[in-house]
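> Chain residues, written in single-letter form:
2 protein chains.
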Amino acid sequence: MLIVDKIPQAIQEMNALRHPRRIVGLVPTMGALHEGHLSLVRAARLNCDVVAASVFVNPAQFGAAEDFDHYPRNLEADAALLEKEGVALLFTADPGEMYPEGYATFVGQEEMASRLCGGSRPKHFRGVLTVVLKLFNIFRPNVAYFGQKDAQQVVMIKRMVSDLNLAVDVRTMPIIREPDGLAMSSRNVYLSSQDRRDAARLYRALCAGREALAAGEKDPGRLVETMRQVLGGGEIDYVEAVDPRTLLTPERVRDRILLTLAVRYPGARLIDNMCLNSDGTETLC
Amino acid sequence: MLIVDKIPQAIQEMNALRHPRRIVGLVPTMGALHEGHLSLVRAARLNCDVVAASVFVNPAQFGAAEDFDHYPRNLEADAALLEKEGVALLFTADPGEMYPEGYATFVGQEEMASRLCGGSRPKHFRGVLTVVLKLFNIFRPNVAYFGQKDAQQVVMIKRMVSDLNLAVDVRTMPIIREPDGLAMSSRNVYLSSQDRRDAARLYRALCAGREALAAGEKDPGRLVETMRQVLGGGEIDYVEAVDPRTLLTPERVRDRILLTLAVRYPGARLIDNMCLNSDGTETLC
Numbered sequence: 220m221l222i223v224d225k226i227p228q229a230i231q232e233m234n235a236l237r238h239p240r241r242i243v244g245l246v247p248t249m250g251a252l253h254e255g256h257l258s259l260v261r262a263a264r265l266n267c268d269v270v271a272a273s274v275f276v277n278p279a280q281f282g283a284a285e286d287f288d289h290y291p292r293n294l295e296a297d298a299a300l301l302e303k304e305g306v307a308l309l310f311t312a313d314p315g316e317m318y319p320e321g322y323a324t325f326v327g328q329e330e331m332a333s334r335l336c337g338g339s340r341p342k343h344f345r346g347v348l349t350v351v352l353k354l355f356n357i358f359r360p361n362v363a364y365f366g367q368k369d370a371q372q373v374v375m376i377k378r379m380v381s382d383l384n385l386a387v388d389v390r391t392m393p394i395i396r397e398p399d400g401l402a403m404s405s406r407n408v409y410l411s412s413q414d415r416r417d418a419a420r421l422y423r424a425l426c427a428g429r430e431a432l433a434a435g436e437k438d439p440g441r442l443v444e445t446m447r448q449v450l451g452g453g454e455i456d457y458v459e460a461v462d463p464r465t466l467l468t469p470e471r472v473r474d475r476i477l478l479t480l481a482v483r484y485p486g487a488r489l490i491d492n493m494c495l496n497s498d499g500t501e502t503l504c
Numbered sequence: 220m221l222i223v224d225k226i227p228q229a230i231q232e233m234n235a236l237r238h239p240r241r242i243v244g245l246v247p248t249m250g251a252l253h254e255g256h257l258s259l260v261r262a263a264r265l266n267c268d269v270v271a272a273s274v275f276v277n278p279a280q281f282g283a284a285e286d287f288d289h290y291p292r293n294l295e296a297d298a299a300l301l302e303k304e305g306v307a308l309l310f311t312a313d314p315g316e317m318y319p320e321g322y323a324t325f326v327g328q329e330e331m332a333s334r335l336c337g338g339s340r341p342k343h344f345r346g347v348l349t350v351v352l353k354l355f356n357i358f359r360p361n362v363a364y365f366g367q368k369d370a371q372q373v374v375m376i377k378r379m380v381s382d383l384n385l386a387v388d389v390r391t392m393p394i395i396r397e398p399d400g401l402a403m404s405s406r407n408v409y410l411s412s413q414d415r416r417d418a419a420r421l422y423r424a425l426c427a428g429r430e431a432l433a434a435g436e437k438d439p440g441r442l443v444e445t446m447r448q449v450l451g452g453g454e455i456d457y458v459e460a461v462d463p464r465t466l467l468t469p470e471r472v473r474d475r476i477l478l479t480l481a482v483r484y485p486g487a488r489l490i491d492n493m494c495l496n497s498d499g500t501e502t503l504c
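Respectively, the protein sequence lines represent chains V and P. FYI, the working numbering numbers position 141 of the first sequence as 360, with every residue one higher than the one before it. FYI, the working numbering numbers position 265 of the second sequence as 484, with every residue one higher than the one before it.
Simulated from the structure, these hints should not be mistaken for lab results. Among these hints, one or two may not hold up.
No distinction is drawn between identical chains; accordingly, a pair holds when it is met within one copy or between any pair of copies.
Unchecked claim - SDA-like cross-link-like pairs, simulated, lysine to any residue; straight-line CA separation at most 25 Å:
(1) Lys303 to Arg264
(2) Lys225 to Arg464
(3) Lys342 to Cys267
(4) Lys342 to Glu330
(5) Lys303 to Tyr290
(6) Lys377 to Ile230
(7) Lys377 to Gly321
(8) Lys342 to Thr468
(9) Lys377 to Glu320
What you are looking at is a predicted structure, and each value in this text was computed from that prediction instead of being measured.
Can you make the complete structure from the sequences, with help from the hints?
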């Protein structure tokens, strides 16, 4: 596995790997890799001829009061995992390589960026879309893999790809969960052991919402109420049932519905979601 | 010359024209073509193997009170001119093809977009950058041609290309002027005959600034003052002397300087500029 940390070098190496009959897959990550990330790499390996991955903790998607400085970083362990999974090229860069002095260009989706996680993280999705567009331009992948865990991110990236006429096939892979249902996240390590146990209620709340939907409940407000009851106390950032294309709450569940929530613990803010068909079966954004 | 008005068709035709040993040139325009546009096409024909052009009056770059509805349109004449110049593919589209329902993604450069023309046209450059990025993604040109006439646009597009790691070589071509010095513009037809005569003072003001610089004047404020004196009355939107990389006024002229101005006439708002080396010789942004 080649490891490069400069953009021109990444472009050059990708051009050497590229071939009209080769499908190039990209797995963009912020590192601190867990089984969720590895499931993306495995899907890419299965469906692509060349797989590139990036490990870049993107400062543009962190707010001033957020955990950029303390976000877990372990490049050596990440590189070993990616090499074992058959990644051909790993790109990792300093913030200054991606955002050099005088950097000025950002991609945004104003309305969608203000919803759900955007409510408490106002510039987050602008940072996400910008870095993803840069990575797409550097790697020019045929296929890029993202996790359903970050559902709003997936929805907005798919919207960007369509709006900006990008030739990238964005594929969403299912959430990978711990035995108690907690969605895997690089930030789970920052939970106290008590909060770690408590955090299983996020998944239980989503399951309750799914069961209510399967039992015929088509009112988004009542689905949210069901989830809130199971979720109980704690500092809830949001609990919503939205249309996964628009991120707006529909009047009734007619088509797919995204149950999504965010809860703050002292150690970490956790998010989780389920994207469901109207009969309650699981699907992906 | 092939004329296409749907994005998938443009992508398909460009893929058929593309070849590893062929240089693809793109000339994006809003139509109502004059000798300024044609100079871009001729440069593209000289330096590229395949030349594509677009004629699209981009609603996203017009403000609500601006002249989108009245912007001159003459597709038939434009197509005849482009065919004569050897353009291989002309792309023209309805606004709904470029911005379908649910469209949400825009590219911006907040600080630079608020300067110069951005002062009176707050969303203009967001619209410009977005449509240019879309056209770059649809056509994937090796080289794209823009006129020095829209200097701020060129500076911001070059900044976008660098920031977003796009593989496009942006080339700036000199302003083409009428015999009295007025920069060619699709909007000149909307000037009354008296204002058309009067408008030659824009170029005279720039010439005075250039002469002052060549004579050793390195104070941007005094260059602006010189230009304002020649410009005289009328509704001046701005007159500035800025660093062509940042669009900020430097303390002293040390390197290149962009003399740039905008004046409102009842029929049209006119812009003009000169990009100069510190010795007063002309260069391009």
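> All hints are to be evaluated individually against the structure, with a verdict given for each.
Going down the list of hints, with the structure as the test:
no., hint, in the structure
1, Lys303 to Arg264, "within (11 Å within a copy, 49 Å between copies)"
2, Lys225 to Arg464, "between (35 Å within a copy, 24 Å between copies)"
3, Lys342 to Cys267, "neither (33 Å within a copy, 40 Å between copies)"
4, Lys342 to Glu330, "both (12 Å within a copy, 16 Å between copies)"
5, Lys303 to Tyr290, "within (24 Å within a copy, 59 Å between copies)"
6, Lys377 to Ile230, "both (23 Å within a copy, 19 Å between copies)"
7, Lys377 to Gly321, "between (28 Å within a copy, 12 Å between copies)"
8, Lys342 to Thr468, "within (22 Å within a copy, 29 Å between copies)"
9, Lys377 to Glu320, "between (29 Å within a copy, 15 Å between copies)"
Violated hints amount to a single one, hint 3; each of the other numbered hints is respected by the structure.
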